[in-house]
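Given the coordinates of chain A, assemble chain B onto it according to the supplied hints.
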Amino acid sequence: MRGLKPTQPEIPQIIPAGTLRHLSPDEIKPSTNNPRMLFDPDQLDELKKNIGEHGVLVPITVYQPKGQVKFSILDGERRYRCVVDLTKEGHYGKDHKPLKLPANVVEPPSKIAGLLYMFSIHNFREGWELMPTALSLRIVMEDLGEQDNKALTKLTGLSEPQIERCKKLLTFPERFQEMSLDPNPATRIPSNFWIEASPVLDLAITHVPTINKLGRDRATDKLVEKYRARKIKSVIHFRRIMESYELNEDQPNTRASVLRRVEEFFLKPTLETRQAFDEFVIEKKRVQSALNVCEDFLKELGKLKLTYTADDDERRYLREALHRVHEYCKSLEQALRGSDDPEVPHD
Amino acid sequence: MRSLFHILKAVSRFHDYGPQPVTFSRTIRWIKQFQKQDRKIAGHLLDKIIYLSEKDTRKILLHQNKVLMENLAKEGLPAKKLVYLQTDEAGSSSPVMLSMIRNEAGLQQRGCKLLDSRDALSINKITNKLEEGALIYIDDFVGSGDQFCSAREAVQKSVVGTFSEFLLVPSICEEGYQRLIDLGIAVYAGHIHSRAERPLHANSHLMQAADRIRLVEMCKQIRPKTSLGYNDLATMVVLYRNAPNSIPAVLRGSDKQTPFYGIFPRYKDLPINRG
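Just so you know, the sequences run in chain order A and B. Under the working numbering, think of the first position of the first sequence as 1, with each following residue one higher. Under the working numbering, think of the first position of the second sequence as 348, with each following residue one higher.
So that you can see chain B by itself, here it is in the shape it has in the complex:
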């Protein structure tokens, strides 16, 4: 009965998950992979998912961007001095986030520059022309910050002039947040994902130790190398268009979803002929 409650709740919350919408039958299929005594824990794990729907994501980004633009204007940096940078290739999350706010916030009409972080020549030309301003990186989620820092390092080689740096992101892990603050990058985020919010993280007390150990063991069997996700972050944030690679394997499932069927597979985890 309790499991049914979790299933219905999951379907209602995660129905628009992009790679594979969460339906009643899929949730049952997922939960049935657990032993009977563990199904309640699996349901409990689902309850702890921090899900950002398209609406939530848009709302957070637009709000944070508005606050950031207002703050920068007060500091003497009008819209035409702002350079928005997508940190990943077209089709991935960062450009999608940028295009999400581009129209609604009227970035181009206001004179902001929108660039790809890999387009070194354009970054060089635009920053040379502006001489001062703000670089605003945009992404949907930051975990450890490794990927972001690598993109940012490449950008910095081409920047000319004096530019302050910002990250606009719906959600960021506390590990990545601290790293970026140390680097002097101001983070405008809707949610800072603490370790305490992650039931399978060693620092969390959201789950009984014995239950956590059993689920962690399952994760190891599903994905031996990345059982708790990238850098063992064990994050619980799932975005409508994809789950980060830092979620536990028990949520993500096996590669090609065999033998373990995930509730939040990433696009690349799905079998090609999924129909």
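Next comes chain A alone, as it looks inside the complex:
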């Protein structure tokens, strides 16, 4: 309940069964997560060294699912993996017996408690596909009756933009969701496809009568077909379509041409994204102008040599203005990273 809205449903807690046991590693079932992907290898090595010297001091938390002989780990995957490694390397405990782990045995977690634990693990994980996360988030939202992004952030540890992205994925019909759950990476449609395609679909449905008549699902099918035919070479290219429309806000004739091209783009399978929209986005000139603006801004502001002002109001106004500049630049820099950027971990 800490820090959540008063209407927030009770978060299910793990119920201790009140037994402390000492388990050998082969009595424990490893989780399906690879700790080398989840945790800093240096920290893991440090922990292993400590356990090698002193043994496991803090008990891990385990439970036993019905029908399973081994115990599943709820908390303490790192300690367990270290003991497994040490055992393989031939280490023994101080009593010269095989290493064991002290373990608090608890009741199996409820579905929601298990899901929230899964979220807490996967927040560390890079390369986790967004669609399975979205499905889990849907269960959390349905079971706890919670839709508010801030509350969901506190529950799951996902950032608000991640939650927003998950929600967007969940607006697509299941047959499209399934395409992002395909175990074969070669045929899987990346989750980002739906997120980037969404505003383009909105645009086409709202402003292009033939696409509106086609309906959202069939229009989506057209985009999937194009993607599979490699006529959308990167999902980030969808942004080009939106840029083409938005940049020409003051030019009705060009906007009309963009909408005609949008129609053609949907209906002509062979038309590639950049081939269709590059002419509406004179990118090089814009980028150069933006670079010049940045240079001029820094130069002009530097010239003022402003580090102090005695007037409190002026100081406040200036700080607010700088804050707005800072926020805008930050959001622009993030947007320019792009969803296909390998540095972006969430997908």
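Worth flagging that the hints you see were computed from the coordinates, not collected in a lab. Please read these numbers as outputs of a predicted model, since none were measured by experiment. Be aware that one or more of the hints could be misleading.
With a cut-off of at most 30 Å between alpha-carbon atoms, the simulated DSSO-like pairs for lysine-lysine come out as follows [what the hints assert, rightly or not]: (1) Lys567(B) - Lys603(B); (2) Lys472(B) - Lys222(A); (3) Lys603(B) - Lys379(B); (4) Lys476(B) - Lys66(A); (5) Lys213(A) - Lys154(A); (6) Lys222(A) - Lys167(A); (7) Lys167(A) - Lys567(B); (8) Lys603(B) - Lys150(A); (9) Lys476(B) - Lys167(A); (10) Lys268(A) - Lys299(A); (11) Lys567(B) - Lys406(B); (12) Lys168(A) - Lys387(B); (13) Lys615(B) - Lys603(B); (14) Lys330(A) - Lys303(A); (15) Lys154(A) - Lys100(A); (16) Lys66(A) - Lys472(B); (17) Lys402(B) - Lys615(B); (18) Lys421(B) - Lys168(A); (19) Lys88(A) - Lys167(A); (20) Lys66(A) - Lys603(B); (21) Lys406(B) - Lys427(B); (22) Lys299(A) - Lys233(A); (23) Lys49(A) - Lys66(A); (24) Lys154(A) - Lys476(B); (25) Lys66(A) - Lys356(B); (26) Lys413(B) - Lys66(A); (27) Lys330(A) - Lys168(A); (28) Lys154(A) - Lys472(B); (29) Lys66(A) - Lys421(B); (30) Lys150(A) - Lys421(B); (31) Lys476(B) - Lys402(B).
Chain B only, in chain A's frame:
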């Protein structure tokens, strides 16, 4: 004379092998590819095949499934809490095994759920609804466990709730068995295929070293990259509907069965116009 005995025995044991039934003439054709002094060894190799006919396979699966369901019921998991998962696409071995026991064990009538391991959305929905239960993977053979683990990893991403895991399989290699036990997956198998049972495996003493080396050399000539099968497992289990990809090349034959004619080709090894 001794070769004739092996041939007759092979025909009697392997006559219902799906991809290419083992007949008298086919066995003679296969054995004649060996040099005269090696034909006895080839016959000896055939003797060591562990063949699971359709009847054997069905019997093992039904029995293991019965035991598993009884054990789970004792643990508080009735049939309606059990999710059976085929681990491969339709038409391949896993779905065939599942359909084999589905009717005879009355899985659906008893309330069990039957799913495809690649159907992530259904796995998510069903496990969300059940909240706890058992996932029972089913296949006909597990070698190293690589393929199984890959399918299982995909399944796990969609599972919600607390589920124990089991594998129902007529035969499994000791390598795969150990790997699955380490992962906490309980294996219900009719047969655990040890290395010692595989004459061409380096750890086996079923064959004289010199004979083994000669046959291994032949395997290398037939299939240079997978001479002893996937991961060099050199397995000897053959199922009525197909041989695993881990059998030695001398049994499987060349791709399209040319130049070396196999006694247990896989479906994909056969020439398309085989008539």
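Each hint, compared with the structure:
1. Lys567(B) - Lys603(B): Measuring from Cα to Cα gives roughly 17 Å; hence the hint holds.
2. Lys472(B) - Lys222(A): 28 Å, holds
3. Lys603(B) - Lys379(B): 18 Å, holds
4. Lys476(B) - Lys66(A): 17 Å, holds
5. Lys213(A) - Lys154(A): 41 Å, violated
6. Lys222(A) - Lys167(A): 22 Å, holds
7. Lys167(A) - Lys567(B): 55 Å, violated
8. Lys603(B) - Lys150(A): Violated - the C-alpha atoms of Lys150(A) and Lys603(B) are around 61 Å apart, more than 30 Å.
9. Lys476(B) - Lys167(A): Roughly 21 Å between the alpha carbons, so the hint for Lys476(B) and Lys167(A) holds.
10. Lys268(A) - Lys299(A): 48 Å, violated
11. Lys567(B) - Lys406(B): 36 Å, violated
12. Lys168(A) - Lys387(B): It is violated: about 68 Å lies between the C-alpha atoms, which goes past 30 Å.
13. Lys615(B) - Lys603(B): At roughly 8 Å apart (the allowed maximum being 30 Å), Lys603(B) and Lys615(B) satisfy the hint.
14. Lys330(A) - Lys303(A): 23 Å, holds
15. Lys154(A) - Lys100(A): 35 Å, violated
16. Lys66(A) - Lys472(B): With Cα atoms ~20 Å apart, Lys66(A) and Lys472(B) stay inside 30 Å; holds.
17. Lys402(B) - Lys615(B): OK: Lys402(B) and Lys615(B) at ~24 Å, within 30 Å.
18. Lys421(B) - Lys168(A): 44 Å, violated
19. Lys88(A) - Lys167(A): 44 Å, violated
20. Lys66(A) - Lys603(B): 48 Å, violated
21. Lys406(B) - Lys427(B): Holds, because 23 Å separates the two Cα atoms, which is no more than 30 Å.
22. Lys299(A) - Lys233(A): 39 Å, violated
23. Lys49(A) - Lys66(A): 35 Å, violated
24. Lys154(A) - Lys476(B): Holds: Lys154(A) and Lys476(B) sit about 25 Å apart, inside 30 Å.
25. Lys66(A) - Lys356(B): Violated, at about 47 Å.
26. Lys413(B) - Lys66(A): 18 Å, holds
27. Lys330(A) - Lys168(A): 23 Å, holds
28. Lys154(A) - Lys472(B): Judged against 30 Å, a Cα distance of about 25 Å means the pair holds.
29. Lys66(A) - Lys421(B): 10 Å, holds
30. Lys150(A) - Lys421(B): 44 Å, violated
31. Lys476(B) - Lys402(B): 36 Å, violated
Comparing the model with each earlier hint shows violations of hints 5, 7, 8, 10, 11, 12, 15, 18, 19, 20, 22, 23, 25, 30 and 31; every other hint is respected.
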